[in-house]
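Take the sequences, apply the hints, and build the full model.
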Amino acid sequence: MPAYHQNRRRAACALASLAIVAAGMLVAGVAAADAVAAVNAGRSMACGRSASGRPLHETRELDAAARAMAHGASLHDALATLPVHPEFAAAERLIGVGDERAVTDALARRACGDLGRPGLSEIGLQWSGRNLYLVVAAPLPVPAAGDRERIEREILARVNAARSEPRRCGATYYPAARPLSLSELLSRVAAGHSQTMGARDTLAHDDADGSTPADRVRRGGYDARIVGENVASGVPTAAAVVAGWLASPGHCANIMDARFAEMGVAYMVAPRSGGAIYWTQLFATRRS
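Here this note's numbering is used: the first residue of the sequence shown is 1, the next is one more, and so on.
If you are wondering where the hints come from, they were derived from the structure by calculation, not from laboratory data. Source: prediction; values computed, not measured. Glycine residues also receive a C-beta, built at the ideal position from the N, C-alpha and C atoms. Heads up, a few of these hints could be off.
Now the in silico label distances, taken between C-beta atoms and shown as ranges [to be verified]:
#  : residue 1 : residue 2 : range
1  : Arg148    : Ala108    : 44 to 50 Å
2  : Pro166    : Asp77     : 20 to 26 Å
3  : Glu184    : Thr212    : 18 to 24 Å
4  : Ser181    : Arg110    : 52 to 58 Å
5  : Arg286    : Ala239    : 55 to 61 Å
6  : Asp77     : Gly113    : 20 to 26 Å
7  : Arg219    : Ser288    : 48 to 54 Å
8  : Ala157    : Pro249    : 18 to 24 Å
9  : Ala161    : Asp77     : 39 to 45 Å
10 : Glu149    : Ala258    : 48 to 54 Å
Rendered as structure tokens:
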């Protein structure tokens with residue numbers, strides 16, 4: 001059975017190191033809360049409705065990232081210290097700002113750009129003299145460890161709902177298929193592969209030693225007649241990962257294949273990786 005993988009874009013990072021010289025230089029040292037309020041005010045002026053109602057809130061993690069950038073680190077290296085890599089992050093440097101009015105005015109005079117990006121909710125700041133370094137981010141809403149069973153059931157329900165109706169996967173028509181059963185054994189094997197992908201920061205079906213999905217299933221103690229696998233990364237929810245698989249002809253073909261009787265699924269949150277979260281979905285049918 002052919003194996004497929006879903007290529008998902010990794011968390012995007014943008015760096016706009018802008019030299020915005022504000023009028024009226026004053027002594028730097030604005031309190032952090034005042035600086036955040038000033039950024040939110042300038043953001044609202046520059047972005048209008050796209051940023052209204054969603055003020056950025058300060059986090060210690062992004063403060064540390066901004067501090068690293070003030071000491072010369074790249075945005076990529078500064079983000080490497082975060083517990084979970086954000087879905088999107090951007091950085092800016094405001095030069096010659098000394099009070100909250102100057103910060104607001106500097107941001108209000110520029111195009112909205114990344115400050116109006118949907119999902120943006122967090123900010124970190126660091127002063128360096130009269131320069132203010134900003135790091136803003138849209139966090140990736142990865143599931144918590146305790147969500148495993150709920151997510152397994154949700155994915156199974158969504159897959160079986162898809163199988164209950166005829167469907168085209170690309171150019172190929174698939175009739176409705178019987179529902180799959182959830183296999184704890186297949187989920188354990190899937191968990192092992194998700195952990196491997198997270199550790200390697202690589203989306204792949206074959207392991208470094210050349211092991212295939214069928215090899216892993218067999219070693220896990222499942223006597224399979226047929227095996228299929230879908231993988232994905234960077235997709236934060238059960239709904240999004242199933243929708244992505246169904247939108248891809250190869251993944252969709254695995255989901256709709258009437259020869260499969262059981263399914264296992266698992267995810268691995270890999271905070272320091274580019275993918276942030278890795279998913280493995282296994283399909284199989286036992287030998288009689």
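So, going through the hints one by one against the coordinates:
Distance hint check: the CB atoms of Arg148 and Ala108 are about 46 Å apart, consistent with the given range 44 to 50 Å. At about 50 Å, the CB distance of Pro166 to Asp77 disagrees with the hint of 20 to 26 Å. The hint said 18 to 24 Å for the Cβ distance between Glu184 and Thr212, and at roughly 21 Å that hint holds. The hinted window of 52 to 58 Å between Ser181 and Arg110 holds, with their beta carbons roughly 56 Å apart.
Roughly 29 Å separates the CB atoms of Arg286 and Ala239, a value that falls outside the hinted 55 to 61 Å. A hinted range of 20 to 26 Å holds for the C-beta pair Asp77 and Gly113, which are about 22 Å apart. Roughly 21 Å separates the CB atoms of Arg219 and Ser288, a value that falls outside the hinted 48 to 54 Å. Distance hint check for Ala157 and Pro249: the Cβ-Cβ separation is about 22 Å, which falls inside the suggested range of 18 to 24 Å.
The beta-carbon spacing between Ala161 and Asp77, approximately 43 Å, falls within the hinted interval of 39 to 45 Å. With their beta carbons about 27 Å apart, Glu149 and Ala258 fall outside the hinted range of 48 to 54 Å.
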